[in-house]
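Using the sequences plus the hints, can you model the full thing?
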Amino acid sequence: MDATLKNQMEITATKVRMGIIEGVYNAKSGHPGGSLSVADTLTYLYFARMNVDPENPLSPNRDRLVLSKGHTAPALYSVLANRGFFPFEDLKTLRHIGSKLQGHPVYKKVPGVDMSTGSLGQGISAACGMALSGKLSGDCYKVYAILGDGEIQEGQVWEAAMFAAHYQLDNLIAVVDNNGLQIDGRIKDVMSPYPIDEKFKAFGWHTISVDAHDFDALEKAFNEAETVSGQPVVIIQKSIKGKGVSFMEDNVSWHGAAPNEEQYNQAMSELAAHLEALTK
Amino acid sequence: MEKKATRESYGEALVMLAEKRNDLVVLDADLAAATKTGIFKKAYPDRFFDCGIAEANMMGVAAGIATTGRLVFASTFAMFAAGRAYEIIRNSIGYPRLNVKIGATHAGISVGEDGATHQCNEDIALMCTIPGMTVINPADDTEAKAAVLAMADYEGPCYLRFGRLAAPVFNDKDTYKFEVGKGIELKNGDDITIVATGLMVSEALSAAKVLEAQGINARVINIHTIKPIDRNIIIKAAKETGRIVTVEEHSVIGGLGSAVCDVVCESCPVPVVKIGVNDVYGHSGPAVKLLEEFGLCADNIVSVVKKTLGK
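Order-wise, the sequence lines are chains A and B.
For the first sequence, the positions run 6 to 285 when the numbering used here is used.
For the second sequence, the positions run -10 to 300 when the numbering used here is used.
Simulated from the structure, these hints should not be mistaken for lab results.
Heads up, some of the hints might be wrong.
[What the hints assert, rightly or not] Stretch by stretch, here's where chain B covers chain A in the computed footprint (C-beta under 8 Å, at least three residues):
| hint | stretch |
| --- | --- |
| 1 | 25 to 38 |
| 2 | 159 to 170 |
[What the hints assert, rightly or not] Lysine-lysine pairs mimicking DSS-like chemistry, simulated, CA-CA at most 25 Å apart:
| hint | chain 1 | residue 1 | chain 2 | residue 2 |
| --- | --- | --- | --- | --- |
| 3 | B | K31 | A | K140 |
| 4 | A | K20 | A | K105 |
| 5 | B | K198 | B | K228 |
| 6 | B | K171 | B | K198 |
| 7 | A | K140 | B | K9 |
If you're wondering where the values come from, they're calculated on a predicted model, not measured in any experiment.
The beta-carbon is built from N, C-alpha and C at its ideal position, and this holds for glycine as well.
As structure tokens, then:
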């Protein structure tokens, strides 16, 4: 990736992380860990890859993204706000009564959200439907589905995996955010989904493994994904839950907890320092 | 009288619909031969997609297709649509209010020989609890076709319930008009009202004839739309006839009888007696014999009506 673009991506991703912390802190609840682990990927997709228009969020030819791991809505909301779909200030209303920013994303209520998600395992099926419909119409849009690594314990994910391969949905790119943690602990201890790549391969998918926090690697992975024809692609990204906030990193207790004021200040000052270093 | 299963009407109606809606897509879960979406598949193979035995995914795929603006019907047996895929229908179709039509066949006890695992007597209850879901249970071929065509023009999620067993075609094809949410008074009467839905409507009409010969003048109302239910026709009947018997091929919990009771209790309390499946599982046997055994037949309606009137 071009050095300037990479620097821009890192700056934007840091702002996205600040938006995540802002939202979850003001909500006094929510899911910061998995939001931070997927922040770089969502930033890359919405700022460097996807054909979307904040002025026309329901444009028929847009690329679509289904956040199948819907509990990480704070990341999606922050990316959309930073991308101009709605004001950054709105992030402070996350999970408040009357806010469009519900605990889990709602289609048509939030500009830029392409599907209501939250109940795990369901988003990937909807993404398959979007991809199938695009194929049927000859539209050239791409559909991205973002899954959690714990989420793939849901049987519906594998029903969808079979479907996508059967109908050769090469306009569908799934991402499995492999941060290794779920509510009850490490995924390998709770109910191991490993080996993830072999499972998808066996279901007929093209698989790519990538470091979720390296924009060069992300670009390479999504470039490769676009060259694949006749089969769906899954990018399994090794990520760090809570990435970017020192005390949240790889710590399961930040799956679904909000920082208190002191923790909020620490998180924001860490991110601000990182931002300053990037903008020097 | 001509007889036809409403699932057959469903398959034929999809073909009629495809002629004017080129955005129509039909999904099934390995039951096309039984749900009769196979009729559509044969006519429009490019717009039919088999999802295999994976109903949860099928409902999600339907939701995704609907977001792109297409009209989509998703079909399987009532048991696996309303039952197995309930939560996907609630969260992926109902909550975003997507324009998905669920064509559920083999509803009720008249599935017959397959037995309890396939006899869904709970689907109306389940689907009615989903906010914004329209729930329709057509009574015959004429009504089933009209309902499919009408609901194609209606924007929003809809559950359509069809049966396996051939049902008498009593509605006149030329004059019948389907209006969503509107009950139909099939026979006037002042002594009591029989409110029926689906396969039980023709039984209610037969019962009313027998009752008439015995000097009891029963009103017969066909409720094809369980939700939103036609409050006015029920309140009017409660006021004018004072007693109601409901008949449905469904559990007495959460179906037509419950919906009628809700209306009557709120607006015009009168006695309501529910005929339906009484909180039990079905079992294997020929459909007609099972319907008789469970009291879902004209003879039982006659006796319940007489008992309700103290005769």
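Against the structure, the hints come out as follows:
no. : hint            : in the structure
1   : 25 to 38        : violated (count 0)
2   : 159 to 170      : holds (count 6)
3   : B:K31 / A:K140  : 21 Å, holds
4   : A:K20 / A:K105  : 21 Å, holds
5   : B:K198 / B:K228 : 22 Å, holds
6   : B:K171 / B:K198 : 24 Å, holds
7   : A:K140 / B:K9   : 21 Å, holds
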